[in-house]
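Chains as they are written, first to last, in the numbering used here: chain A, 1 to 248; chain B, 249 to 496.
Don't take each hint at face value.
SDA-like mimics (lysine to any residue), calculated; alpha carbons at most 25 angstroms apart, straight line [stated by the list, open to error]: (1) A:K226 - B:S486; (2) A:K54 - B:G286; (3) A:K234 - B:K341.
In silico contact screen, one side only, chain B against chain A (beta carbon under 8 angstroms); selected entries [what the hints assert, rightly or not]: (4) Q289; (5) Y291; (6) N301; (7) K339; (8) S349; (9) I355; (10) I359; (11) V401; (12) V424; (13) E461; (14) L463; (15) Q465; (16) V478.
Just so you know, the hints here were simulated from the structure itself, not pulled from any lab data.
Each residue gets a CB set at the ideal place from its N, CA and C atoms; glycine is no exception.
Number of protein chains: 2
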Amino acid sequence: MIDTILDHRTIRKYKNTPVEKEIINDLIKAGTRASTTGNMQLYSIIITTDEENKKRLAPSHFNQSMITEAPLLMTFCADFNRFNKWCELRKAKPGYDNFLSFTTAAIDAIIVAQNVALAAEDKGLGICYLGTTTYMAKNIIEILNLPKGVVPVTTLTIGYPGEDPSLVDRLPLEAVSHYESYKDYTPEVIDNLYREKESLDEYKEFIKENNKETLAQVFTDVRYKKEDNVSFSKLFLSVLEDQGFMNQ
Amino acid sequence: MIDTILDHRTIRKYKNTPVEKEIINDLIKAGTRASTTGNMQLYSIIITTDEENKKRLAPSHFNQSMITEAPLLMTFCADFNRFNKWCELRKAKPGYDNFLSFTTAAIDAIIVAQNVALAAEDKGLGICYLGTTTYMAKNIIEILNLPKGVVPVTTLTIGYPGEDPSLVDRLPLEAVSHYESYKDYTPEVIDNLYREKESLDEYKEFIKENNKETLAQVFTDVRYKKEDNVSFSKLFLSVLEDQGFMNQ
Numbered sequence: 001m002i003d004t005i006l007d008h009r010t011i012r013k014y015k016n017t018p019v020e021k022e023i024i025n026d027l028i029k030a031g032t033r034a035s036t037t038g039n040m041q042l043y044s045i046i047i048t049t050d051e052e053n054k055k056r057l058a059p060s061h062f063n064q065s066m067i068t069e070a071p072l073l074m075t076f077c078a079d080f081n082r083f084n085k086w087c088e089l090r091k092a093k094p095g096y097d098n099f100l101s102f103t104t105a106a107i108d109a110i111i112v113a114q115n116v117a118l119a120a121e122d123k124g125l126g127i128c129y130l131g132t133t134t135y136m137a138k139n140i141i142e143i144l145n146l147p148k149g150v151v152p153v154t155t156l157t158i159g160y161p162g163e164d165p166s167l168v169d170r171l172p173l174e175a176v177s178h179y180e181s182y183k184d185y186t187p188e189v190i191d192n193l194y195r196e197k198e199s200l201d202e203y204k205e206f207i208k209e210n211n212k213e214t215l216a217q218v219f220t221d222v223r224y225k226k227e228d229n230v231s232f233s234k235l236f237l238s239v240l241e242d243q244g245f246m247n248q
Numbered sequence: 249m250i251d252t253i254l255d256h257r258t259i260r261k262y263k264n265t266p267v268e269k270e271i272i273n274d275l276i277k278a279g280t281r282a283s284t285t286g287n288m289q290l291y292s293i294i295i296t297t298d299e300e301n302k303k304r305l306a307p308s309h310f311n312q313s314m315i316t317e318a319p320l321l322m323t324f325c326a327d328f329n330r331f332n333k334w335c336e337l338r339k340a341k342p343g344y345d346n347f348l349s350f351t352t353a354a355i356d357a358i359i360v361a362q363n364v365a366l367a368a369e370d371k372g373l374g375i376c377y378l379g380t381t382t383y384m385a386k387n388i389i390e391i392l393n394l395p396k397g398v399v400p401v402t403t404l405t406i407g408y409p410g411e412d413p414s415l416v417d418r419l420p421l422e423a424v425s426h427y428e429s430y431k432d433y434t435p436e437v438i439d440n441l442y443r444e445k446e447s448l449d450e451y452k453e454f455i456k457e458n459n460k461e462t463l464a465q466v467f468t469d470v471r472y473k474k475e476d477n478v479s480f481s482k483l484f485l486s487v488l489e490d491q492g493f494m495n496q
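Okay, chain A solo, but in the shape it has when bound (with noise of 0.2 angstroms):
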C-alpha cells in the first residue's frame, strides 16, 4: 500500500490493451469505500471507453494526446442530483444548492477519484489526473450530458503503462509541513526550499526551451497564465450558477 503510494509516477503514455471490465468494477468498488460526508455518496463517476466519446472529449482537455490513446477516462463529478432526487422522493427538502454543498460534494468525489488511481496503480494501470476538468467543465457537462446538481471535477485517464518515467522530484518535507502553526517563509527560507529543484538539468533545459530567465516564469508566463485563470475562473463560477450551486 505504502509502496504503491510512494511509487506514484503520472503516466502519460499507454498500451493498446483494454482496461478488463471486472478491474473498472474493482476500481469503482475502490472509489465507493472512500470517506463521505455522511455517508451521502455525493459524487458520480463518468466511464468512458468508447472511442467516439474519447475523440469527443478530447478538446476539453486541450487534445493532449492520452486522452484518445488512454483505453479508459474516468471523469469524477460532485453529484447532488441523486440525493436531491432521493430527498425529493422521501417528503424531505434538500437545501444544497450552495456554494458549501457544491465544496462538500467536490471534495467527496475527489477523494473517490484518489482511491481509484492508488486502485488502478495497485493493479499494474498507470494514471494521470487532468487538471483541465475544471477548465472546461461547461464543454464536459455538455458531453457527458450532466443534469444540474452535477459538475466535473477531476478526470483520470488510465490504462497499462507504455512508459516507464523515473520518480519526480518534490519539494522537501519541510517546504510543506507546518508544526502547531503556519510559519510564513522568509526569502532565505524559499531559497532553501527551492534549491534542490532549482538545480536540476532538467528544469535548466525546461527554462532555455522557454526562452525565459526563471523556472518560476515558465509557470507564470507559459504554463499557468493570469489571464487564462482569470477566464476559466470566470467560466467555472458560471457553470456553478448555471448547475444549481451559488443560490446562497
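Position chain B relative to chain A; hints supplied.
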C-alpha cells in the same frame, strides 16, 4: 493496498498512545508523493499534537470529542502563498489570486489528504475526516495563523483505534457509475438504489431517534440543514475573498 482501501472504517475513538514522530514524517512523505498540478505542490499540512492547540481547534469542529482525544490532527490547506512568494523572488508575476487557482490548490490538498489517510490506515492507525473544516475555515485560519493565499479544506484526526466498527453500507456500484454518459435517475431507479440502505435497522432507529418520517428528512431537517448550508456558504465565500482568491 487494495485491502487497506476496501477495509476503510472511520475511527472516532482513539487510544491514548501518541503517534511517533517518524510515523508522522512517513505520512507527510506519502502525502507529497500524490499527483499535484504541474508539480507545484499547492498545499500545506498543519500538524497539531499539542493539547492546548487541540482545545483551541475543537470549537471549530463543533467540539466533537475526537478532536481533543485523537493524538494527532492534520489540517490540509490549499496553499498558493509559498508558490507566490517563490515567483516574486524569481522575477515572475504570479496570477493566482482567482477562484480557479483556489480550486486547483484545493484539489491538490485533498489528494494529499487521501494519501495520508491511506498511509495511516496501512500503518494500523485510524482516521476521521472533518467536514467542519470548510464551515469554520475563518476561525481555523485565525487559530493556525494562515496567511493570504492559504485556505484550510479538510482535517484528519489520526490515532491508534480505540474502537473496531463494522464496515458501513454503501449504495450499489451502479448508483454512482455511469457508462459513456450520465443516465438521470427515475423515481423507480432511486427506489431500487436506496432500498437496501432504507431497510437497515440502524437507519430505522435513527429515524425514530430524530422523530422523523423518512431517513432523507434526518439529513434535510437535522444533519445538513438549508439554513446552515446557506450561512456557511456565505462565510466560506467571504473567506476565499479575504484570502485573496476572488480577484477574477
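Okay, the hints, checked on the actual structure:
Of the supplied pair hints, the one linking K226 (chain A) and S486 (chain B) holds, its CA atoms being roughly 22 angstroms apart against a limit of 25 angstroms. Between K54 (chain A) and G286 (chain B) the CA atoms are separated by roughly 23 angstroms; this keeps the pair inside 25 angstroms, and the hint holds. Distance restraint check for K234 (chain A) and K341 (chain B): the Cα-Cα separation of roughly 20 angstroms lies within the 25 angstroms cut-off, and the hinted pair is therefore satisfied. Proximity of Q289 (chain B) to chain A holds as hinted, the smallest CB-CB distance being about 6 angstroms (cut-off 8 angstroms).
Given the 8 angstroms rule on beta carbons, the hint for Y291 (chain B) holds: about 6 angstroms separates it from the nearest Cβ of chain A. Taken as an interface hint, N301 (chain B) checks out: its beta carbon lies about 6 angstroms from the nearest beta carbon of chain A, inside 8 angstroms. Because the beta carbon of K339 (chain B) sits about 6 angstroms from the nearest beta carbon in chain A, less than 8 angstroms, this interface hint is met. Contact between S349 (chain B) and chain A, as hinted, is supported at the beta carbon level, the nearest pair being about 6 angstroms apart and thus within 8 angstroms.
For I355 (chain B), the interface hint holds, since its Cβ comes within 8 angstroms of a Cβ in chain A; the closest pair sits about 6 angstroms apart. Contact between I359 (chain B) and chain A, as hinted, is supported at the beta carbon level, the nearest pair being about 5 angstroms apart and thus within 8 angstroms. The restraint placing V401 (chain B) at the interface with chain A holds, with a minimum CB-CB distance near 7 angstroms, inside the 8 angstroms limit. Here the hint on V424 (chain B) is kept, as its CB sits about 5 angstroms from the closest CB of chain A, short of 8 angstroms.
Nearest Cβ of chain A to the Cβ of E461 (chain B): about 6 angstroms, under the 8 angstroms cut. The hint holds. A distance limit of 8 angstroms between C-beta atoms decides the matter here; for L463 (chain B) the minimum to chain A is near 7 angstroms, and the interface restraint holds. Taken as an interface hint, Q465 (chain B) checks out: its beta carbon lies about 4 angstroms from the nearest beta carbon of chain A, inside 8 angstroms. Below 8 angstroms, beta-carbon pairs count as interface contacts, and V478 (chain B) has one with chain A at about 5 angstroms; its hint therefore holds.
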